[in-house]
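Those sequence lines, one after another, are chains A and B. Just so you know, the first sequence maps onto residues 1 to 226 in the working numbering. Just so you know, the second sequence maps onto residues 1001 to 1193 in the working numbering.
Keep in mind the hints are simulated off the structure, nothing from the lab. Quick caveat: nothing in here was measured; it's all calculated off a predicted structure. Fair warning: there could be bad hints in the mix.
[Unchecked claim] Each computed DSBU-like pair below joins lysine-lysine, with the alpha-carbon atoms no more than 35 angstroms apart: (1) Lys1181/B - Lys1090/B; (2) Lys1090/B - Lys1180/B; (3) Lys28/A - Lys1180/B; (4) Lys1070/B - Lys5/A; (5) Lys1180/B - Lys47/A; (6) Lys1090/B - Lys1183/B; (7) Lys28/A - Lys47/A; (8) Lys1183/B - Lys5/A; (9) Lys1090/B - Lys1027/B; (10) Lys47/A - Lys1090/B; (11) Lys28/A - Lys1181/B; (12) Lys1070/B - Lys1027/B; (13) Lys1070/B - Lys1180/B; (14) Lys47/A - Lys1183/B; (15) Lys28/A - Lys1027/B; (16) Lys1070/B - Lys47/A; (17) Lys1090/B - Lys28/A; (18) Lys5/A - Lys1181/B; (19) Lys1024/B - Lys1090/B; (20) Lys1090/B - Lys1070/B; (21) Lys1070/B - Lys1181/B; (22) Lys1180/B - Lys5/A; (23) Lys5/A - Lys47/A; (24) Lys1070/B - Lys1024/B; (25) Lys1070/B - Lys28/A; (26) Lys5/A - Lys28/A.
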Amino acid sequence: MSCPKTQHVMLEYFSDDLAPLMREEMEKHLASCAECNQELESLLMTKSSLEAWQEQRVPHWDRGVELFSREHRTSKTGNASWDIWQWIPTAASFAMLCVLLLNVNFSTTEQGFSISFNSGANAQSDVTEMLASFEGAQQLEMNQAIERMEDRQDGNNLRMMQAMLEQNQQATAENLEQIYAYFEQQRILDLQDMRVGYQQLVDSDYETIRSLQQLASFVSFQDDVR
Amino acid sequence: MALINEDEALIAAALNGSAFAWEKLVKRYESRVYNQGLRLMGNPADAMDLCQEVFLGVYRNLHRFRGDAKFSSWLFRIAHNKSVDLNRRKRLMMVQAKPWSQEEDDGLDMYPAATGFEPDEKLDQSQANTQVMTMLAQLPMDQRLIVELKIYQSLTFEEIADMQDISTNTAKTRFYTALKKLKVVSEKDHVLP
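If we strip away everything but chain A, and leave its shape as in the complex, we get:
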């Protein structure tokens, strides 16, 4: 290799930001200089044989996950106190929210310190009284309602029983009347029968008497004739 420009040309060829003018000049030189051209060709061949590398898969390994999990656990316990302190603002906000929502009243009297919900300390006793009276009224109303209910229920039952009894009695009376009428009718029929029978008997007796009279008259006639 005797071309003095070879190294310079090769360095420039592989540089990242070659000015277009420089590239043109270099191309011109490469076209005219066989040595540089040959050098470049062999370097490019070397480069392409290096580029033939094929990505190889990674053998199995734990990727440091075990170490990661272990260290993370220990660091977590190490910072436990910090974790607790971290919650304090949240807890304070929550407490304030509770105080606002429940309308808590803090008051200090001679008896001491008292905390009450909703408006004022008297409110609680008022509420208790109201609750008691309301409960009483409710109880009373309930009892009345129960009594009314019982009464109504009893009246209904009584009426129903009476009605049933009446119905029953009527039915029985009707039945007795029917039986009585039937007996009466039978008795009348029997009497009529008996009357007819007696009449017949009397009639036959009259007949007999009449025939006897006739016989007697005949006999007497005969006797007269004789």
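Let chain A serve as the given structure and place chain B on it in line with the hints.
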């Protein structure tokens, strides 16, 4: 963009103690880190060591990640530094084990590492990858790193210079020297004995 945002979400979740998020984050990048390890260290065992060290470093420093740069750039900077460290430790161990190989300071002492695969690990490896690893094993670590960053991670020479705390010209020169050396190596490989 969505990928970056997802990274940030995973980082936030991992910092809050989600092992699942951490595992997902590792899964996203482990393949790239492992393959970088294979190319730089020359064998699967060291590549795996590098992978573990990189993600341990990421885990230890995750709370320091500010989000002003891409997470991937941050991670590969860690990977770069860990590769340098691991390589230095390995060389030191080799020198202590074999004091007579001290005169070989051009990286050729790394060559046997490329042949030290377990049989089943070698099955996974394509012919192309074996060839690349053999080629890269010829280079000293600083050149190997430039090749890695330029060819496989597609960084600009400016980014490489910034990462390695060298000038852009030095980075360019190292890259050219590396390619030239590999050209010679591959030409040697193709010569029949």
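Verification of the hints:
1. Lys1181/B - Lys1090/B: holds, 23 angstroms
2. Lys1090/B - Lys1180/B: holds, 26 angstroms
3. Lys28/A - Lys1180/B: The given pair, whose Cα atoms are some 22 angstroms apart, holds under the 35 angstroms limit.
4. Lys1070/B - Lys5/A: This hinted pair is violated, its Cα atoms lying about 39 angstroms apart.
5. Lys1180/B - Lys47/A: holds, 10 angstroms
6. Lys1090/B - Lys1183/B: holds, 27 angstroms
7. Lys28/A - Lys47/A: Between lysine 28/A and lysine 47/A the Cα gap is close to 22 angstroms, so the pair holds against 35 angstroms.
8. Lys1183/B - Lys5/A: Cα-Cα ~19 angstroms, so holds.
9. Lys1090/B - Lys1027/B: Roughly 27 angstroms separates the two Cα atoms, so the pair holds.
10. Lys47/A - Lys1090/B: Holds, at roughly 27 angstroms.
11. Lys28/A - Lys1181/B: holds, 26 angstroms
12. Lys1070/B - Lys1027/B: Within the cut-off at roughly 17 angstroms; holds.
13. Lys1070/B - Lys1180/B: Distance of about 33 angstroms is within 35 angstroms: holds.
14. Lys47/A - Lys1183/B: holds, 9 angstroms
15. Lys28/A - Lys1027/B: Answer violated: lysine 28/A to lysine 1027/B is near 48 angstroms, above 35 angstroms.
16. Lys1070/B - Lys47/A: holds, 27 angstroms
17. Lys1090/B - Lys28/A: violated, 47 angstroms
18. Lys5/A - Lys1181/B: Holds, because 19 angstroms separates the two Cα atoms, which is no more than 35 angstroms.
19. Lys1024/B - Lys1090/B: holds, 30 angstroms
20. Lys1090/B - Lys1070/B: Since the Cα atoms of lysine 1090/B and lysine 1070/B sit roughly 30 angstroms apart, the hinted pair holds (cutoff 35 angstroms).
21. Lys1070/B - Lys1181/B: holds, 33 angstroms
22. Lys1180/B - Lys5/A: Measuring from Cα to Cα gives roughly 15 angstroms; hence the hint holds.
23. Lys5/A - Lys47/A: Holds, because 21 angstroms separates the two Cα atoms, which is no more than 35 angstroms.
24. Lys1070/B - Lys1024/B: With Cα atoms ~17 angstroms apart, lysine 1070/B and lysine 1024/B stay inside 35 angstroms; holds.
25. Lys1070/B - Lys28/A: Answer violated: lysine 1070/B to lysine 28/A is near 40 angstroms, above 35 angstroms.
26. Lys5/A - Lys28/A: holds, 13 angstroms
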